[in-house]
Amino acid sequence: MSDATRRSAARLASIRDRVESGMDRREFVRTLVTGGYAIGMARLLGVEDFLAADDGEVPVVTALVRRDPADPWSLEERTAYVPADWYAAVEKAIELNDRLSRAAFTGYLGSAVVPDPYDEGGAAVSVGVSGDLDSVRETIGEIADDVSLDLRTVLDVDSLEDDSDHYRPRMVESVTDSRVPAGVACETASSLATLGPAVFDPEDRRQYFVTADHAFDDERSDADASLSLPVSTEAPVELGSVRRAHPVEDIALVEPGGSLSPSTWIDAPEPVRIRGQLTRWGLADLVARGEDLEKVGALTGHTTGRVQGFDAVTCFTEEFCRRGQIRWGGEMDLTDGDSGSVSYYADPEGGERDVLIAGFNNARTWWPGQNYVWGVAAYRVTEQHGYHF
Amino acid sequence: MEPDTTHEPATSDDRSRPRRALASLAAAVGVGTRIALDALVVGIWVLFLTLLFLSTNWPRWLFYALLLGGVGLYVQFTAWWGGSTAES
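Sequences listed follow chains A and B, in order. Everything in the first sequence is counted per my numbering, starting at 17 for the first residue and increasing by one. Everything in the second sequence is counted per my numbering, starting at 46 for the first residue and increasing by one.
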């Protein structure tokens with residue numbers, strides 16, 4: 017054996033000794049266990065949510081969707097990735113819109129966030145004012161770089177003509193099922209409205225019928241607070257009476273009192289099933305992609321229209337302002353009696369007939385220059401009261 | 046004096062049993078503290094990296110490299126400090 021080989025053999029042995037003493041079995045196990053614990057904890061913290069995003073993209077929650085279509089309590093968040101600059105601009109517009117509405121300067125009638133398409137990467141705040149545009153521009157002052165301001169003068173807010181005589185309400189023909197689908201007429205002591213789909217309250221884990229609160233008299237007695245279902249061939253059927261009324265969101269939850277219960281199906285030409293609801297960013301995504309919403313009203317029936325804005329504030333009809341509203345479609349999409357209907361969007365990841373709820377429909381523009389329907393968004397109702405679809 | 050000396054071996058034998066139990070209890074406490082300390086240190090490391098990567102938009106591979114590299118280094122260093130594993 018040469019001297020060199022003996023020396024290299026000795027060196028190998030010493031390396032082996034060092035490796036053995038430096039990294040014994042106990043340490044090896046400890047490294048494995050601690051490493052596993054570290055990865056598990058990182059997963060638990062949800063690092064994949066933001067690590068998985070490409071450069072220049074950020075994750076947003078676009079919808080709350082049922083894992084099991086039949087189980088309303090199995091809601092899960094759905095995320096999507098959007099361009100970071102677009103996200104920043106929309107975020108800025110949301111903040112600005114909120115500040116504008118809280119300042120409530122003279123002449124302010126409402127505003128909405130209108131995201132640009134993704135490739136343009138910006139956003140606008142559309143503001144409706146009465147009176148002098150220049151003075152308003154001065155009041156508002158400087159706006160952030162990526163966010164533009166779109167000022168519209170609203171004329172003649174006081175006159176409202178009613179053309180609901182042209183329509184005949186869509187009534188249930190006969191009560192064959194114990195569940196009443198959404199989109200058909202329902203009746204209060206004083207007026208006709210559209211019945212919404214089943215609304216769930218996680219607090220008491222019950223389901224409710226829902227319709228517009230303004231369909232009921234403002235100063236109603238308990239006897240006036242009942243909701244019934246007109247049937248074209250028979251006498252009306254009692255649905256129940258109002259359990260929770262929210263005048264600002266303009267929704268009234270009716271506890272099922274008779275043999276009928278609410279349904280998660282909407283009575284569209286092709287009936288659709290509700291799989292969940294869109295979030296604020298889900299709506300922003302629809303505006304950016306120029307997508308349409310659909311609705312089924314008791315009078316105007318099934319219509320579709322472009323989403324025009326979200327997080328809208330409207331101060332047109334009441335003393336107070338309504339927040340978290342959606343603007344979509346056009347004036348022809350809504351008339352008296354359609355209030356209480358919901359707007360929805362076909363679930364891109366669900367089954368063929370699955371839809372996601374955007375929000376309720378409450379009123380529409382009746383002045384020249386602007387043309388849309390508005391109503392409280394589902395995300396606002398969930399934020400304020402916890403109810404969901 | 047006589048009775049005491051005759052009893053001495055017996056008493057020392059009696060004393061060694063609780064001492065042995067005490068020693069194994071100390072060892073168990075030692076291992077328990079080590080596991081708790083490991084969990085705490087690694088937990089803080091994960092939290093630190095998460096917050097760092099949340100604000101920087103660095104790539105995913107770097108996150109896991111730093112995460113596991115940090116754990117490996119930590120185990121190495123604590124083993125050297127303890128000294129017991131290398132000597133025994």
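Hints are computed from structural coordinates only; laboratory data are not their basis. Please note that the accuracy of each hint is not assured.
Partner residues are not named here, just some residues of chain B that face chain A (Cβ under 10 angstroms, in silico) [said to hold, decoys possible]:
hint	residue
1	P63
2	R65
3	L67
4	S69
5	I80
6	D83
7	A84
8	F98
9	W103
10	R105
11	L113
Label-pair restraints from in silico Cβ distances [said to hold, decoys possible]:
hint	chain 1	residue 1	chain 2	residue 2	range
12	B	L96	A	R260	51 to 61 angstroms
13	B	L97	A	E219	55 to 65 angstroms
14	B	L111	A	E219	53 to 63 angstroms
15	B	L111	A	G402	16 to 26 angstroms
16	B	F93	A	G273	48 to 58 angstroms
17	B	L82	A	L61	16 to 26 angstroms
18	B	L111	A	R260	45 to 55 angstroms
19	A	Y97	B	L96	14 to 24 angstroms
20	A	E64	B	A72	36 to 46 angstroms
21	A	G72	B	F93	21 to 31 angstroms
22	A	S277	B	W103	22 to 32 angstroms
23	B	L82	A	G402	36 to 46 angstroms
24	A	Q400	B	L70	50 to 60 angstroms
25	B	L96	A	P133	46 to 56 angstroms
For each residue, glycine too, the CB sits at the ideal point set by N, CA and C.
Please write out, lowest number first, the hints stated earlier that are contradicted by the structure.
-> Going through the list in order, the structure violates hints 1, 2, 3, 4, 12, 13, 14, 15, 22, 25 and respects the others.
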